[in-house]
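Number of protein chains: 2
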Amino acid sequence: MTSRQMVLGMQFSGGYGAEPGAWRLPGANLNSYTDMDQFVRYAHSAERGKVQLLFIADTPVLDMDLTHHAPRQAIDPMLLLTVLARETERIGLVTTASTTFNEPYNLARQFKALDVISHGRAGWNAVTTSTPAAAANFGSSVPPRAEKYERAHEVIQIVQALWGSWEKDALLLDVEGKRYADMDKIQPVNLQGRHVASRGPLPIPPSEQGQPVIFQAGGGGYGLELAGRYASGVYANPYTIEDARAQREALRDAAKRAGRNPDEVKMLAGFMPTIASSREAALERRRFLDEVVDLHQRVRYLGTMIGLPLDPDQLDQPLMAQQLADAMPSPHDPRSVRALEVAREGWTLRDVLAHGVIDYHPVVAGTAADVADHMQEWFEAGACDGFSIALDGFHDGYDAFVDQVAPILQERGLFHEDYEGTTLRENLGAHEQYGLDLRLSQQARA
Amino acid sequence: MTSRQMVLGMQFSGGYGAEPGAWRLPGANLNSYTDMDQFVRYAHSAERGKVQLLFIADTPVLDMDLTHHAPRQAIDPMLLLTVLARETERIGLVTTASTTFNEPYNLARQFKALDVISHGRAGWNAVTTSTPAAAANFGSSVPPRAEKYERAHEVIQIVQALWGSWEKDALLLDVEGKRYADMDKIQPVNLQGRHVASRGPLPIPPSEQGQPVIFQAGGGGYGLELAGRYASGVYANPYTIEDARAQREALRDAAKRAGRNPDEVKMLAGFMPTIASSREAALERRRFLDEVVDLHQRVRYLGTMIGLPLDPDQLDQPLMAQQLADAMPSPHDPRSVRALEVAREGWTLRDVLAHGVIDYHPVVAGTAADVADHMQEWFEAGACDGFSIALDGFHDGYDAFVDQVAPILQERGLFHEDYEGTTLRENLGAHEQYGLDLRLSQQARA
Ligand SMILES: Cc1cc2nc3c(=O)[nH]c(=O)nc-3n(C[C@H](O)[C@H](O)[C@H](O)COP(=O)(O)O)c2cc1C
Ligand SMILES: Cc1cc2nc3c(=O)[nH]c(=O)nc-3n(C[C@H](O)[C@H](O)[C@H](O)COP(=O)(O)O)c2cc1C
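Residue numbers (this note's numbering), protein chains in the order written: chain A, 1 to 446; chain B, 1 to 446.
Because the hints were derived from the structure by calculation, they are not lab data.
Identical chains share a label here; the pair holds if one copy fits it or two copies do between them.
With a straight-line Cα cutoff of 20 angstroms, these simulated EDC-like cross-link-like pairs (lysine to aspartate or glutamate) come out:
hint : residue 1 : residue 2
1    : K178      : D290
2    : K168      : D65
3    : K148      : E225
4    : K168      : D35
5    : K256      : E225
6    : K178      : D294
7    : K185      : D65
8    : K178      : E291
9    : K168      : D182
10   : K50       : E411
Just so we're clear, the structure is a prediction, and the values are computed from it rather than from any experiment.
Next up, chain A with everything else stripped away, as it sits in the complex:
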């Protein structure tokens, strides 16, 4: 099998599922936010399905109202991934950590330790953090974008240099010769940037993959440049195939500009499937999830998406003929075309919303085959190199994906039958790198 296959990552959120109402699903464990056993169970399921990686998005802030919704984030991503490192064997372990509100030495140490503990399966999604409330947790405000990204470049370079501060054969462990390590091969990095600096070395030897893999997400032109230089994987949020292809081309161009082979950078498109025995069953599940959502507000927003003043009283009715005639997708929200498409099928407004037309990723609510079809269409259209999958509810969603969707993708030759190796680099097809990328430093010198 030499044809291109997709990379799959599973998003871990607060523990219940990507939908804020997932904690109420019948069968869900109400303590999933704090109960690590639940996460282990989902990780085992994903690993059984040969999923390449788990991903924990993170922003250092609690900025949501928990009255009706469970937390969107994990209590602590590094600790959670450490738990999973011990209880899984092949799956990659990736989390976001802020380049703005962490010191490079602390980042380098924890990610490298995770990489060693997991035997070469760690990845770092390096983001700058743009939430003012997160900045306030550090007694700070969000710096101007240019400054924030200048610091991000410095932080990533120092972290990678620290990762490479032990040569691969520095450890000797020679009992007879009484030599533990070769200190000529453990060297300081002595890097001084405008924003951050570190002397090193880090107290950590290489892992089975050398050092963790870099991921990146968002941030416009600045983010693209960061991704083009350092990332092996990029999280993206396109809503349409066209949008996704454009984002992927821009990313590949950014990699080329940095002197890299664009195939080294995989774009993972966010995707939220609801997997059920039928489309109707999927909608029923999503209507239940929507019970904690402010649907009146959503109806109004749906109105702005399709160019109509909509009244929440119409929630349980479909659009009327005149409304359908007047409706026009808004050019300001890429989800509008699909929203109107679904409305035209005659669903009530509640059901239009249950299709997930206002969710933060494209939603497919239907059978495993519907979900696989969508993924195949995107993948074959060159819209992405894989998907970052946010399952609506975890307690049954992981098994549904692994037992029903993954096998279809495998049958169609779109997804690997087994892990290629034991490290994240091997399973992601990420190039070898140890320490700084020398191609980049040569450019900087030139």
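Add chain B with the ligands to chain A, keeping to what the hints say.
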């Protein structure tokens, strides 16, 4: 049993043992530095022995020569304790983290997450970090002591306030009522110091013990004040009973000055036992450990301790009669009295050193009963509330302590027969505290 009993903590260092040559001991796993399974094994042993806590000292720097010595520190203490949290049930999990080179929000989040994952067994040894090479890893230098400790007070208060930012019954988990949490009971802390600030709240509910326990170590008068205010446990390094009693009295006075009951603060004295079938066997083990130590340098230092110019050529001879007559313990090193005592017994200089007279804790090299006798003597003299035990080599030292020393202490009524409860607070006899200590804030207001 109402009489006072001792608190025992086991020091975890790089993974081999407290002696830098422990990695060479026959039977030691050469990969103990990176192999978490080893640490789990030692933690299981300690827990079998009802030891109250494990302690990881830490400074964010690799500032030692690894040519002959294994690392003194763990690759990452928070990640290592997370591993142990999952694989143990009762033992406390305590690590050092710097108040100078960490943000309070990051500290608060990771320690509280560890506390939740371990079901109420986390502790934080809050130290200011005094190593210039560690500061250089953060592109910084060590601030003047007054400033460093001013920041430490702010950091600890913000961390504790963040820990208390969820009231104990904030989580509702009411499926029918569609209410996940009571947002009136999850509040920002809005603390602004001179050095650090944070808005909060933390995204983490209380643990079984509410919040982690604070420990403290070193720092002279400034350190004492910190300990008196916040600490439930203090690591100390006395070399003699007199010194220890003075340190303990000073600590109890500091607690009283802060308006606390001095029994709330336990002083743990550092102690390094080598446990063997006889004193001669213990010395043989320590002579092997000393093979990677620069004994010529130590002989010279031994000379300054006992007021004689000593020549390394005398390494394998005892002191001569004239030397013994001229010798005088140095008033500048509290270990000198014992060094001369041992020398007077007629041992060769190599064996005097093998007694551990220059180690960084008092050493007893002998049988389990010798070790227990020493601990009993110190404890009954009011020199400490317990011990922080640094075993010379872990691979057999943990079991030796647990199977041979602990039972003697238990028989003598000096050490508990079983854990008092499931949380670190219960097992340490630490008072309940949630959020900031109100007694302190009242003082501050007064
Ligand atoms: C798919 C995707 C995932 C993201 N994940 C995170 C995350 O986990 N944490 C975070 O703080 N920001 C995350 N972001 C936000 C971006 O990193 C970035 O901050 C945002 O796009 C705004 O750009 P700016 O940094 O230039 O302001 C994500 C963005 C996208 C598109
Ligand atoms: C028993 C003991 C344990 C200590 N453990 C640590 C530690 O784990 N990490 C650290 O950086 N410093 C540690 N220290 C050092 C003290 O925190 C303190 O920095 C030192 O005594 C110097 O005081 P200063 O902070 O006022 O300069 C320890 C000190 C003692 C006595």
